[in-house]
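Keeping their order, the protein sequence lines are chains X and A. Residue numbers for the first sequence follow this note's numbering, so the first one is 823 and each next one is one higher. Residue numbers for the second sequence follow this note's numbering, so the first one is 58 and each next one is one higher.
Do not take every clue at face value.
[Stated by the list, open to error] Listed next, the in silico SDA-like pairs over lysine to any residue satisfying Cα-Cα at most 20 Å (straight line):
| no. | chain 1 | residue 1 | chain 2 | residue 2 |
| --- | --- | --- | --- | --- |
| 1 | A | LYS99 | X | ALA876 |
| 2 | A | LYS114 | X | SER849 |
| 3 | A | LYS99 | X | SER831 |
| 4 | X | LYS871 | A | LYS135 |
| 5 | X | LYS890 | X | ILE936 |
| 6 | A | LYS99 | X | LYS880 |
| 7 | A | LYS99 | X | THR827 |
| 8 | A | LYS114 | X | LYS890 |
| 9 | A | LYS99 | X | LYS890 |
| 10 | X | LYS871 | A | ALA154 |
| 11 | A | LYS99 | A | ALA154 |
| 12 | X | LYS880 | A | GLU159 |
| 13 | A | LYS135 | A | ASN109 |
| 14 | A | LYS99 | X | ILE936 |
| 15 | A | LYS114 | X | PRO862 |
| 16 | X | LYS931 | A | PRO164 |
Keep in mind that the hints were calculated from the coordinates and are not lab data. On a predicted model such as this, the values are computed, not experimentally measured, just so you know.
Spelled out from the first residue to the last, the chains are:
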Amino acid sequence: AQSVTQLGSHVSVSEGALVLLRCNYSSSVPPYLFWYVQYPNQGLQLLLKYTTGATLVKGINGFEAEFKKSETSFHLTKPSAHMSDAAEYFCAVSDPDSGGGADGLTFGKGTHLIIQP
Amino acid sequence: EPEVTQTPSHQVTQMGQEVILRCVPISNHLYFYWYRQILGQKVEFLVSFYNNEISEKSEIFDDQFSVERPDGSNFTLKIRSTKLEDSAMYFCASSPAGGSYEQYFGPGTRLTVT
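The whole structure should be built from the sequences, with the hints applied where relevant.
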């Protein structure tokens, strides 16, 4: 069974500072990895994903994440935080070896990102 | 840009009543999903649907839940006899294919069971 751990239910950074949101997974095989963002009263929007190939992936809004197999991690970063980045961020995984391909995603508990002016 | 839509945005029902949550997935997508998020907790997978049948379901998706694609556009989640603990935000998602493809989420329906 897969699981996702997001360290820190709340992360607070100053505007312009580096954003680092941590995600570790537990899986028997390297999974597909996703970061979603949820703004207040909205659905989940994909920021970026890793499936195969280059381990550093770039997403929307200046975010990027690096898949590190040895550390079973997929941390999300952004060099310079903006007030509009304040939201809930979810890391999620799916099993690439499942039959049929209609796997549900396994989500972490989420990290609430707070941007201080 | 195509998007997943869900109705209603908020549903209040009494314990023991049946509710139907509705979703319109993106038109050319083939895979459909329901998730729920109890307040303050993580998003949990309920069920996936492909080729007019359930593809996968979690242990949460017990006999009180059912899904249906009654026509070419709608995808519904029915809860037969609601319980207080069914109160949650329910998200519908769709995907053009399975596996590594992105799942596109709707805005959710907040279900409150009183």
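Going through the hints against the structure:
| no. | hint | verdict |
| --- | --- | --- |
| 1 | A/LYS99 x X/ALA876 | 29 Å, violated |
| 2 | A/LYS114 x X/SER849 | 19 Å, holds |
| 3 | A/LYS99 x X/SER831 | 11 Å, holds |
| 4 | X/LYS871 x A/LYS135 | 31 Å, violated |
| 5 | X/LYS890 x X/ILE936 | 26 Å, violated |
| 6 | A/LYS99 x X/LYS880 | 24 Å, violated |
| 7 | A/LYS99 x X/THR827 | 11 Å, holds |
| 8 | A/LYS114 x X/LYS890 | 30 Å, violated |
| 9 | A/LYS99 x X/LYS890 | 24 Å, violated |
| 10 | X/LYS871 x A/ALA154 | 15 Å, holds |
| 11 | A/LYS99 x A/ALA154 | 24 Å, violated |
| 12 | X/LYS880 x A/GLU159 | 15 Å, holds |
| 13 | A/LYS135 x A/ASN109 | 16 Å, holds |
| 14 | A/LYS99 x X/ILE936 | 18 Å, holds |
| 15 | A/LYS114 x X/PRO862 | 28 Å, violated |
| 16 | X/LYS931 x A/PRO164 | 18 Å, holds |
Of the numbered hints listed earlier, those contradicted by the structure are 1, 4, 5, 6, 8, 9, 11 and 15.
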